[in-house]
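Going down the list, the sequences are from chains A and B.
All residue numbers for the first sequence refer to this note's numbering, where the first residue is 1 and numbers rise by one.
All residue numbers for the second sequence refer to this note's numbering, where the first residue is 1 and numbers rise by one.
Honestly, I wouldn't trust all of these hints.
Simulated pairs of lysine-lysine, DSSO-like, Cα-Cα distance not exceeding 27 Å [to be verified]:
# : chain 1 : residue 1 : chain 2 : residue 2
1 : B       : Lys349    : B       : Lys400
2 : B       : Lys253    : B       : Lys232
3 : A       : Lys232    : B       : Lys349
4 : A       : Lys165    : B       : Lys400
5 : A       : Lys225    : B       : Lys400
6 : A       : Lys293    : A       : Lys230
7 : B       : Lys400    : B       : Lys253
8 : A       : Lys230    : B       : Lys232
Quick list of simulated restraints, FRET-style, between CB atoms [unchecked claim]:
#  : chain 1 : residue 1 : chain 2 : residue 2 : range
9  : A       : Arg61     : B       : Ile5      : 45 to 51 Å
10 : B       : Ala499    : A       : Arg117    : 20 to 26 Å
11 : B       : Ala499    : A       : Asp126    : 27 to 33 Å
12 : A       : Thr294    : B       : Gly191    : 53 to 59 Å
13 : B       : Arg185    : A       : Asp162    : 29 to 35 Å
Covered by chain B, per the in silico footprint, the following chain A stretches (three or more residues, Cβ under 8 Å) [what the hints assert, rightly or not]:
#  : stretch
14 : 125-133
15 : 136-150
By construction, these hints were calculated from the structure, which means they are not laboratory data.
Note that the structure is predicted; figures quoted are calculated from it, not measured.
Idealized CB from N, CA, C, for every residue including glycine.
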Amino acid sequence: MADVLRFRRVYGGEYEEIPARVDDAEFPAGELLTARTVWLEDGTPSGLELIQHRPVHGDRRQQGYLRLDNEILAGRRLHQAASWSGYPAEVVRLYGDESTSADPFALFELDHGDPLREVGEYLLNDAFDQFLVGLLTGLCWLAGAGIAHRAISPDTVLWDSDTGKVRIADFSRSAPFGSARTPVAGSWAWVPREARPETCYGLVGPTDDMWAAARLIYFVRSRGKDLEDKGKLGELGLSQMFNGLLEKIFGPPEDRPTARDLVEHGLRRHHILPSLQDDGDKRLIQGRTSFLKTRARVHPDAPLPPDFWDDVIWARDRRGAGGPQGGAG
Amino acid sequence: MSVVILSLSGLPAAGAEQAAAALLDIDSGGPDRLERLLVLDDTALLGEHLDVYEQIDTAHRVEKLLCVTVGPRPGDGWRLELPGNLGGVQGSPVLWVSRPAGIDWKMTKELVANRHPGFTPTTVDRHPLIGLLSVEEMFDRVHQTFLSGVPGRVASPGLWLAEEDDEAATFAGALTVAIRRVCDRGPGLDGPFAELMPDRAGRARLTESGPLARYLSRVGEQDRAARQVLEKITGFGGLLRRGDSEVRGYLAKGSEALTDLRDLVDQVLRDADVAGGVGDLTSNQQSLIRNAGLEFGAEVTLNPAAGSAVYVAEQSAIYRTIAGAVHGGDPIPPVGERLIATEREVGRKGSAAYRQEIEACCPSSLLAALTSASQKPPRRAGHAETRHELGLDSAMAAAKALADLIVGVANREWSPAAITSGELVRAKAALDGTSRALGGFASEAAGGRGGTRAARRARLGESLVPVLRDLVLRVVAAELASPSASGPEALRMAKDRTAAMLTEWTALVQAEGVTARPSFASGDDRDAAHGIEDDVASIRDALLYPVRDEMWQLCSPTDLRALEVDTPTLSIRFASRLTQETLRSLPGDEPVWTSSGSFAGVLRLVPLRAGIAVSTWGKAEPESPSTVLER
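Bound-form chain A, shown alone (with noise of 0.2 Å):
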């Protein structure tokens, strides 16, 4: 796996400049980073095409860096995680990285499928479903990997089409469970209170990502309408199909029901999870001390997450007592 995850060569030849899906209301896309598509030299399949992330020169280069940093941190996080069972369809692949040099960038998988912001409200009805259990799969991923995305939003997360899959992109605001929550600047349909500059509070957690995937889930089912009340939930049968626990999700975040809580409680289908007990949770340990030392390099000061041991078990109470408090139904 490692070897995934070291630098890799690239073609010094042609390439094309294009800006990279780093959506922010703050900044224009590509303000951050830039990206380019690329070839790799050995030991991927021949002809494969990829996109670099690269930090921007000038006055915005030390927030690329930072922006870059977070990408590199959650794509080695996921490919920890995923190991020992492949890695997740649903999330944007990261093939290799330079993290160390005064160069650095990251190398992604070409995005395929459009953003559900254009295509999110033709979305039929049997995909839609594929949609729902391709996105909270995702973020059981995530919330396995010990990050939160913290920029689920219809620009973000991609539908191919051809495929039937859903795709998280964009990890550059993404953080570790247990640090401490950053101000997301952007729309306040997309960014919770306890993310927004100005109620921005508490350390980053596995509910964290809850509020704008059910908001996201509203956007694809009312066919591209913005969640105005959640009474609206109810309208278009959410409700019902969540057996109620979707509500729960815009209270706190410490209330909030998980991806996992959803899956598996609302939609009774824990069938389609990917497996992170047993063997896997001594790997997300081990990764995890892996990864803590990596940041503890390259963000000497950030602050020291709770153990996630403390989340695994976390999340195995909840789940031994049945889910959120009548939200099971």
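Assemble the complex: chain A is given as a structure, and chain B must be docked to it using the hints.
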């Protein structure tokens, strides 16, 4: 092929040769053949550029050549010395512009001229004459006129111009206006399309001989029989008690029929259920529904051999509904929103979900009351009151409610004619994809409409709206005829189809003018020509301008003596093809109808007096002015 311009103006011999080589050298990527070459040169440099003209001549790749030479004759000479392949009997035509700013001159023997007002471009390639000659149709006509009618093939050009718009830019601008009309959010009706709702589109009904209709009918029969008896009873003031048992018998039979109806409705709702409304009925379920006495009317009887899939799609309820709204003037956004509002109403949930409504339609308590042994007609009550007391009215209402329920469920859940969520979403995607592609075209066109008049764009745009609506509906029909696998694919396909149709339309306009009807247009109303009728007055005046009257002659006053005024005047009228339909009946020679450029007016070609222009490959012998006869 368009007109290629070779500018030698201001270039020394070496630079001119380099410019010509870049154009004519095959090895360095030059074209195999130049159909139209317009050479711009300085009169004073023609001698220096002899090698270039020789090179052009020997290359044998230029089909038609026009030369515009700018500036007075060099020195004080009277002769206009030209390279050997220009002018004369066999050379290429030359337009001599001795003074680009020109003069206003009436073509008479009296050599009186006025200063020409207005702006004159600083470089020759921006001169209106060059712009005019760069139009293919104009180049060809000028070339032909020189060869057939200009003695010595050298002339001084004169212009009479009217303001006019570029055809391509006008069309693009007008299409943008039409796109705004069709695609921008505007007033439109709200709510779902009633004609697509299940009760209208499903076409379910009870078969006359089926069990459901039979039970319903039997309830009615017993009701009628009971009524007749009750009329007798109440008619005699309640004195005939013999009728009581008879009424009870009818009530019991009616109750029995109502129970059968209720049970059958319940059974069909239960057994023909498709979980969650997702999926198709099995053949057994279809048989069950059919055997219970439900059938679905065909929407339109079509001969399969009568038309294409698109034709069939155009007969569908959903297409006709969308077409009605679009042709009725609704912009695309509200039509799309109504499709989604309709989609929310047509959602299927499985027939079993309706079983709970059975009790509301036909309460168990009603059945119990109808069969109760204590039921007997009340004494001294009116007919209506008696019916109510006995539950006859309720029984009839319950039977009808059950029939309505099963027909309603059939329309929504089982009807093959019902509009599905998928059809509505794909149609919405087709509309949105079309709208996005049209919006992209409008955004691109917005940057290039300078120089065209807003009023003309608006009028022409209005006339293009019906054709644009045809385009939108053709995309929708194509999607309905060949449904995409997913909504996003429908969106993508609509974008592609729209782009292809816009390309076809634009190419057709390029070839035939703005009134050309693309293949997707219905009807044959060529409103575009009428839309610009009131714009052409100034153009008509320009085209009818007397060619010997005062014009902008591109020469200096001193050169007037070199012009031949006694020969018949040669002139070429020209105007944009936009105005062709309207101006076709103008008297005189057929104007040149230009497909591009913003020109309308008359080009006058005044030949030079004999002996002024001399074509030679060598250095011409100096000649005294006195040896050239000037009158």
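Hints, one by one, checked against the model:
{"no.": "1", "hint": "Lys349(B) to Lys400(B)", "verdict": "holds (23 Å)"}
{"no.": "2", "hint": "Lys253(B) to Lys232(B)", "verdict": "holds (20 Å)"}
{"no.": "3", "hint": "Lys232(A) to Lys349(B)", "verdict": "holds (19 Å)"}
{"no.": "4", "hint": "Lys165(A) to Lys400(B)", "verdict": "violated (48 Å)"}
{"no.": "5", "hint": "Lys225(A) to Lys400(B)", "verdict": "violated (40 Å)"}
{"no.": "6", "hint": "Lys293(A) to Lys230(A)", "verdict": "violated (42 Å)"}
{"no.": "7", "hint": "Lys400(B) to Lys253(B)", "verdict": "holds (17 Å)"}
{"no.": "8", "hint": "Lys230(A) to Lys232(B)", "verdict": "violated (62 Å)"}
{"no.": "9", "hint": "Arg61(A) to Ile5(B): 45 to 51 Å", "verdict": "holds (47 Å)"}
{"no.": "10", "hint": "Ala499(B) to Arg117(A): 20 to 26 Å", "verdict": "holds (21 Å)"}
{"no.": "11", "hint": "Ala499(B) to Asp126(A): 27 to 33 Å", "verdict": "holds (29 Å)"}
{"no.": "12", "hint": "Thr294(A) to Gly191(B): 53 to 59 Å", "verdict": "holds (57 Å)"}
{"no.": "13", "hint": "Arg185(B) to Asp162(A): 29 to 35 Å", "verdict": "holds (31 Å)"}
{"no.": "14", "hint": "125-133", "verdict": "holds (count 3)"}
{"no.": "15", "hint": "136-150", "verdict": "violated (count 0)"}
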